[in-house]
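*Asks:* In order, the protein sequence lines correspond to chains G and V.
To convert, note that position 283 of the first sequence is 283 in UniProt numbering; the numbers rise steadily by one, no gaps.
To convert, note that position 288 of the second sequence is 288 in UniProt numbering; the numbers rise steadily by one, no gaps.
The hints are simulated quantities; they were obtained by calculation from the structure and are not laboratory data.
Be careful, since some hints might not be right.
In this list, chains with the same sequence are indistinguishable; a pair is considered to hold if it fits within one copy or across any two.
Subject to a maximum C-alpha distance of 16 Å in a straight line, what follows is the list of computed EDC-like cross-link-like pairs (lysine to aspartate or glutamate) [stated by the list, open to error]: (1) Lys297 with Asp34; (2) Lys58 with Glu255; (3) Lys266 with Glu277; (4) Lys208 with Asp236.
2 protein chains.
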Amino acid sequence: MTVSRYFTITSRPEGLPSPDVFSLEEMELPALGDGELHVRNLWLSVDPYMRNRMDGVKTYIEPFDLNAPLEGAALGEVVESRDERFKPGDKVRHMAGWRDEAHVSADSVERLPDLDVPLQTYLGVLGMPGMTAWTGLNTIAGLGSDDTVLVSAASGAVGSLAVQLAHQKGCRVVGTAGSDEKCDWLKSLGVSPVNHHQSAEALTKAIKAAAPQGIDVYFENVGGPMLDAGLASMNDYGRIAVCGMISRYNSASAEGPANIAMVLTKRMRMQGFIVLEHWADYQKFIEEAGPLVAAGKVEYQESVFDGLEATPEAFLSLFESGTYAGKRLVRL
Amino acid sequence: MTVSRYFTITSRPEGLPSPDVFSLEEMELPALGDGELHVRNLWLSVDPYMRNRMDGVKTYIEPFDLNAPLEGAALGEVVESRDERFKPGDKVRHMAGWRDEAHVSADSVERLPDLDVPLQTYLGVLGMPGMTAWTGLNTIAGLGSDDTVLVSAASGAVGSLAVQLAHQKGCRVVGTAGSDEKCDWLKSLGVSPVNHHQSAEALTKAIKAAAPQGIDVYFENVGGPMLDAGLASMNDYGRIAVCGMISRYNSASAEGPANIAMVLTKRMRMQGFIVLEHWADYQKFIEEAGPLVAAGKVEYQESVFDGLEATPEAFLSLFESGTYAGKRLVRL
Numbered sequence: 001m002t003v004s005r006y007f008t009i010t011s012r013p014e015g016l017p018s019p020d021v022f023s024l025e026e027m028e029l030p031a032l033g034d035g036e037l038h039v040r041n042l043w044l045s046v047d048p049y050m051r052n053r054m055d056g057v058k059t060y061i062e063p064f065d066l067n068a069p070l071e072g073a074a075l076g077e078v079v080e081s082r083d084e085r086f087k088p089g090d091k092v093r094h095m096a097g098w099r100d101e102a103h104v105s106a107d108s109v110e111r112l113p114d115l116d117v118p119l120q121t122y123l124g125v126l127g128m129p130g131m132t133a134w135t136g137l138n139t140i141a142g143l144g145s146d147d148t149v150l151v152s153a154a155s156g157a158v159g160s161l162a163v164q165l166a167h168q169k170g171c172r173v174v175g176t177a178g179s180d181e182k183c184d185w186l187k188s189l190g191v192s193p194v195n196h197h198q199s200a201e202a203l204t205k206a207i208k209a210a211a212p213q214g215i216d217v218y219f220e221n222v223g224g225p226m227l228d229a230g231l232a233s234m235n236d237y238g239r240i241a242v243c244g245m246i247s248r249y250n251s252a253s254a255e256g257p258a259n260i261a262m263v264l265t266k267r268m269r270m271q272g273f274i275v276l277e278h279w280a281d282y283q284k285f286i287e288e289a290g291p292l293v294a295a296g297k298v299e300y301q302e303s304v305f306d307g308l309e310a311t312p313e314a315f316l317s318l319f320e321s322g323t324y325a326g327k328r329l330v331r332l
Numbered sequence: 001m002t003v004s005r006y007f008t009i010t011s012r013p014e015g016l017p018s019p020d021v022f023s024l025e026e027m028e029l030p031a032l033g034d035g036e037l038h039v040r041n042l043w044l045s046v047d048p049y050m051r052n053r054m055d056g057v058k059t060y061i062e063p064f065d066l067n068a069p070l071e072g073a074a075l076g077e078v079v080e081s082r083d084e085r086f087k088p089g090d091k092v093r094h095m096a097g098w099r100d101e102a103h104v105s106a107d108s109v110e111r112l113p114d115l116d117v118p119l120q121t122y123l124g125v126l127g128m129p130g131m132t133a134w135t136g137l138n139t140i141a142g143l144g145s146d147d148t149v150l151v152s153a154a155s156g157a158v159g160s161l162a163v164q165l166a167h168q169k170g171c172r173v174v175g176t177a178g179s180d181e182k183c184d185w186l187k188s189l190g191v192s193p194v195n196h197h198q199s200a201e202a203l204t205k206a207i208k209a210a211a212p213q214g215i216d217v218y219f220e221n222v223g224g225p226m227l228d229a230g231l232a233s234m235n236d237y238g239r240i241a242v243c244g245m246i247s248r249y250n251s252a253s254a255e256g257p258a259n260i261a262m263v264l265t266k267r268m269r270m271q272g273f274i275v276l277e278h279w280a281d282y283q284k285f286i287e288e289a290g291p292l293v294a295a296g297k298v299e300y301q302e303s304v305f306d307g308l309e310a311t312p313e314a315f316l317s318l319f320e321s322g323t324y325a326g327k328r329l330v331r332l
């Protein structure tokens with residue numbers, strides 16, 4: 001008999017979730033069914049989009065049910081297999097995160113590529129955050145090597161790969177971050193840093209100083225005044241890939257960009273995307289980013305939290321500016 | 001010696017221009033140069049985008065100079081030609097509007113297509129407004145016959161052709177307008193009308209009632225609360241062609257759409273465009289819309305103002321909701 005320990009939410013949070021919204025529960029897993037795998041998780045991912053799933057509203061993805069196991073990306077080892085494609089010891093990526101042990105359908109898991117990289121990179125730089133950066137720059141914004149690129153939240157899990165992929169393509173890159181330390185790190189990557197704790201007007205000036213030629217591609221993770229500044233900084237025919245608006249996830253109402261009419265005057269294209277809908281391109285991404293990561297040519301930061309119990313803390317750290325950096329991971 | 005009478009602006013207006021910003025002047029035209037045409041104007045166009053040119057700010061087009069002849073689309077007859085491609089009596093379209101007589105470069109004028117339609121339609125339904133509607137729907141929004149379409153300011157010069165082109169393609173169409181009379185006219189065209197003098201919330205409800213299936217393509221002419229309502233009404237993967245934001249042209253500051261994050265959650269694409277940059281496709285537009293207009297299958301409204309002196313009044317009528325409808329024209 002296998003016991004699975006898992007997190008639930010017991011109510012719908014308003015604004016920034018309080019830690020006591022989360023509850024650690026356990027259940028006995030039933031007998032393993034045909035076509036299922038018993039997976040023991042090694043690494044769990046926590047990501048900003050999960051905040052949206054805590055609201056009871058269907059957006060592009062179903063909301064989390066109350067008092068049921070939360071979901072998220074995870075890496076695990078197959079302990080028992082009732083599918084001929086997998087055997088015990090195989091490492092897989094799947095969505096039964098926020099827990100230690102899980103029964104999952106073999107059809108729903110991904111076998112990991114064969115690269116000489118640390119396992120947890122498949123949740124970060126070679127996982128959803130990395131694939132998100134690649135998709136936004138290439139599929140959505142049509143990045144070219146002549147473009148000047150602005151990435152907001154550029155020290156985050158997604159942003160930090162976006163700036164590096166753009167930089168390696170030969171683009172000039174401006175990145176915003178929330179502390180001097182993060183800005184220094186961006187600078188070491190060849191990125192012109194801008195501290196994003198400023199008014200829209202001050203941000204606009206700082207971006208102008210960092211890139212007097214203007215911005216062609218804007219990879220947007222933040223929203224709020226940052227979006228006003230981004231719109232103001234764009235060149236004609238600029239492309240904005242809207243990946244996230246983390247500044248809005250915890251506030252019920254917010255002002256929109258007062259300069260939205262610039263979409264017209266500068267003939268811009270602004271497009272939202274959800275990486276899961278572009279997963280068919282994962283192989284293309286791995287072919288470009290995998291060798292760079294294996295060769296140590298991509299820097300990535302991780303903030304590792306230890307033990308299943310730390311999962312809510314890891315998640316909430318996503319909404320604190322300045323303390324933690326890079327991909328938030330839970331190691332089991 | 002030919003005298004040209006022309007309008008200037010004598011100062012930069014703030015908000016809605018006062019009539020006394022405009023000044024009627026006259027000058028003697030110099031001798032006609034090689035490659036030039038002397039054109040006598042028959043019809044002048046006034047258009048919302050001209051308001052932007054009155055600000056001293058370069059956007060996608062140079063601002064109007066103070067105390068110099070204003071510009072705009074016009075139809076005229078060649079009186080004298082110093083270019084072998086044109087002869088006296090030819091009808092041409094050109095940009096030396098806001099005046100009665102002009103010398104223009106033969107390279108800058110367009111010969112009109114040979115269709116059995118009233119001359120002034122080349123400033124309206126077969127001119128820039130019609131081409132704008134066609135470009136926004138097709139080139140920018142990628143309209144398909146299964147789409148449900150929302151057009152704001154649907155009784156205007158651009159909007160009224162947008163709704164009809166979409167309707168003739170088989171689309172279900174919702175159009176907003178500013179009076180019961182205009183809404184009745186939209187209804188007679190097979191369009192579900194919504195009065196746009198409502199809050200964003202009420203507009204959203206009214207659009208939902210008119211199109212419970214949601215909106216796939218939104219042709220945006222208005223901005224302000226209308227844009228909030230449009231964003232709220234869109235389906236996933238909706239496309240927004242931003243053609244104008246007339247509600248903002250006369251206000252220095254305005255709130256942006258509070259629900260801008262829907263661009264992300266619904267994976268929308270929002271793109272601004274300027275029809276002049278798509279003029280290479282004019283022939284494609286004429287092939288589709290020309291025969292429809294010649295056969296009387298497209299209804300269009302005109303508000304005709306008589307005499308050069310009425311040009312400022314015609315222009316200012318664009319910003320009054322409810323009194324005039326359709327294309328504003330000045331007949332000389």
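*Asks:* Please write out, lowest number first, the hints stated earlier that are contradicted by the structure.
*Replies:* Those not satisfied are hints 1 and 2.
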